[in-house]
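Fit chain B to the given chain A structure using the hints.
Those protein sequences? They're chains A and B, same order as listed.
In terms of my numbering, the first sequence is residues 1 to 380.
In terms of my numbering, the second sequence is residues 1001 to 1348.
Worth double-checking, as some hints may not be accurate.
Pairs of lysine to aspartate or glutamate residues, derived as EDC-like cross-links and limited to a Cα-Cα distance of at most 20 Å, are as follows [to be verified]:
#1 K1262/B x D9/A
#2 K1322/B x E348/A
#3 K1262/B x D1312/B
#4 K1302/B x D1312/B
#5 K163/A x E307/A
#6 K1262/B x E348/A
#7 K10/A x E1270/B
#8 K109/A x D1116/B
#9 K1194/B x D9/A
#10 K1147/B x D114/A
#11 K1262/B x E6/A
#12 K2/A x E1203/B
#13 K2/A x D1149/B
Worth flagging that the hints you see were computed from the coordinates, not collected in a lab.
These are the residues of each chain, in order.
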Amino acid sequence: MKYADEFRDKAIAQGIARAIGLEVNSQRDYRFMEFCGGHTHAISRYALEDLLPANVRMIHGPGCPVCVLPASRIDMAIRLVDRPEVTLCVYGDLMRAPGSHGQSLLRAKALGGDIRMVYSTLDAIRLAEQAPSREVVFFAIGFETTTPPTAVMIRIAEKKRLKGLSVFCNHVLTPSAMHSILENPKIRDIGGVPIDGFIGPAHVSTIIGTQPYEPLAEQFGKPIVIAGFEPLDVMQAILMLVRQVNEDRYEVENQYSRAVTREGNRRAKEEVSQIFELREQFEWRGLGVVPNSGLKLKRSYAQFDAETRFAIHDLRVADNPACECCAILRGAKRPVDCKLFGTVCTPETPIGSCMVSSEGACAAYWTYGRVRDEPLRRLS
Amino acid sequence: MSAKGYQRKLDIENGRVDLSHGSGGRAMAQLISGLFHQAFGNEWLARCNDQSAFDVAAGRMVMTTDGYVVSPLFFPGGNIGSLAVHGTINDVAMSGAHPLYLSASFIIEEGFPFSDLKAIADSMGAAARRAGVHIIAGDTKVVERGKADGLFISTTGIGIVADGLDLSADKARVGDRVLVSGSLGDHGVAIMSKRQNLAFQTEVVSDSAALHNLVACMVAAGGSGIRVIRDPTRGGVAATLNEIAHQSGLGFRLQEASIPVKPAVAAICELLGLDPIHVANEGKLVAIVAPDLADAVLAAMKAHPLGAEAADIGEAVADERKFVQMATGFGGRRIVDWLWGEQLPRIC
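The following block holds chain A by itself, in its conformation from the complex:
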């Protein structure tokens, strides 16, 4: 497959693996977090950890929007579809995301809720055009990559005067989440964050550029390498991180220069800033309430804001107290260290954020990693 096989070459991967092996300092551990689910997927699917030296460990981050969506937001969406006039448009992987008390959109649909699985915002526009008497609500979710399409959808709705179309906005921001991983009151309880560097987002960075990560690298003294989602991208990024750690550098480097610039996509950023504004805080499954980490529609677009339109309010739902996502997301514990992992929390019945979608740390470990069955290792 052209433009994919080139980035999946086994011989080149092994060459990079050899270089990593030669450059690591055997006297220390290297613990790198790949923030994005896309990187987690590449690492798992190609079993990249098998190519790395034993003292280089990957920590799977929270970069999967479905995983970090808290139960309260699912409950709010279910409350929306309880209204007979509402048609809710969602991406398929949201259907199983757990709400409180075993609720999910899949169950709400079985109970008669009008929920449609869509593949893009255009599907929601089409539905709103076809059924002008319905209240079509688009369940907008995702990091900075998916926010511009939602902005464009609202622009089109405005232009076409689609009065029935609105957005249930759950867009979240990557740099705020990275900040929260490194600085959060909960960290004291788990004994610190053993992360030596980050593989930064691929697609998100095509929109926001590399610049927003610079304050993070500076403030926390952690190297960040923006990398593509192909296995060779990930391997090269790990090598770049090893070099930064060895040289005591903490810079933002761009491995994914074929798609990412320092400034990002100005047009997309402009569209987003015209329609959205920061929420003071947003709840993340696994990370808790994170300040300035979510977006909402500006007041001038309130007519398209489902939360305003249907007067639904945030309901706080506590995470399961036994769930170790908070520590797993920060690399302080591994999936197998959690009492719930593989017992009550499985991909069929996920409880914590890390199990919700296949890109979550626990789900990836369940699907791809169990085979290693390595001895449990708790890092201090």
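For chain B alone, kept in the frame of chain A given last:
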């Protein structure tokens, strides 16, 4: 079923099914004789009884049943009718049996075009004739608009299996080879390419086909060295091998590089975030074969047109955890699990 007096002919070109076509009256009789009997034509249906009687040869009978709700009804490489014939023949054939007879039950939504119904029935008839199988019993029901999505078909199949041949998913043994009959994921991708909200251009066509002759060639070459044969439909090869692993109490180790996948299928799976090993097939089989006979069975598969791209993709290994593992193209190892949710509803 001969109707006395004048009756307007079925307007196949422009007509539509209405509730009278399921009411047991003359309209229904006309639909059955004018459309279904035309398509399936055989001596059993010609007798117009409520059932068909047939002689039973010595040996063990095999019976299976399956419902077809695929959406869209027409897709590249087939339609719900040919799929309903092939799918049920294959379920019979996976036991090593020779399929003989099918029944077909139609649940039709009011307003369904006769032209589509005829195209579907004709392709069922053609698929059955090609396979040497007869559709000897049927049923027609019409439901109000909105109560069924166009057309649902249920088919039941029976066949006969030779004495001494007892393929079963609990018979895999450590060291057995895993063979597949060709490239994976064609059917699922062909269906996806026609979904209204997912439409994309591709030359991929469904692999829908009757596999009993391929199975017969394999049995001739491998005999009782063939432990189990399954057709990896929904959930793909991943689901099939996980089922066999659990039923036989062992694990599998696959070689990713050996698994045949068409470049176009691989590309579309890449775009949609799917793994071809989880995508449905309707004309492929997985066989677990004793190691000493695997080469002979593989050669027999490759000699048959439906097995030309057959491949040995791995082996059965001792594993209490019953994991299906895969050596990736990068030299690492990962688990190939069941899919958790529905990858794509209504593909068959």
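Evaluated hints:
Distance restraint check for K1262/B and D9/A: the Cα-Cα separation of roughly 19 Å lies within the 20 Å cut-off, and the hinted pair is therefore satisfied. Of the pairs offered as hints, the one joining K1322/B and E348/A holds, with about 18 Å between alpha carbons and a cut-off of 20 Å not exceeded. Pair hint K1262/B plus D1312/B holds up; C-alpha atoms about 16 Å apart against a cutoff of 20 Å. With a CA separation close to 11 Å, the supplied pair K1302/B and D1312/B stays within the 20 Å bound.
Between K163/A and E307/A the alpha-carbon distance is near 15 Å, which keeps this suggested pair within the 20 Å criterion. Among the hinted pairs, K1262/B with E348/A is inconsistent with the structure: their alpha-carbon atoms are about 31 Å apart, more than 20 Å. For a cut-off of 20 Å, the pair hint linking K10/A to E1270/B stands: about 18 Å separates their Cα positions. For the given pair, K109/A sits about 31 Å from D1116/B by alpha-carbon distance, which is inconsistent with the 20 Å threshold.
Restraint check for K1194/B and D9/A: the C-alpha separation of about 33 Å exceeds 20 Å, so the hint is violated. Taking the CA atoms of K1147/B and D114/A, the gap is about 16 Å. The hint holds against a cut of 20 Å. Restraint check: the Cα-Cα separation between K1262/B and E6/A comes to about 18 Å, which is no more than 20 Å; the hinted pair holds. Simply put, K2/A and E1203/B have alpha-carbon atoms about 17 Å apart, close enough for the 20 Å limit, and the pair holds.
For the given pair, K2/A sits about 39 Å from D1149/B by alpha-carbon distance, which is inconsistent with the 20 Å threshold.
In summary, the numbered hints that this structure violates are 6, 8, 9, 13.
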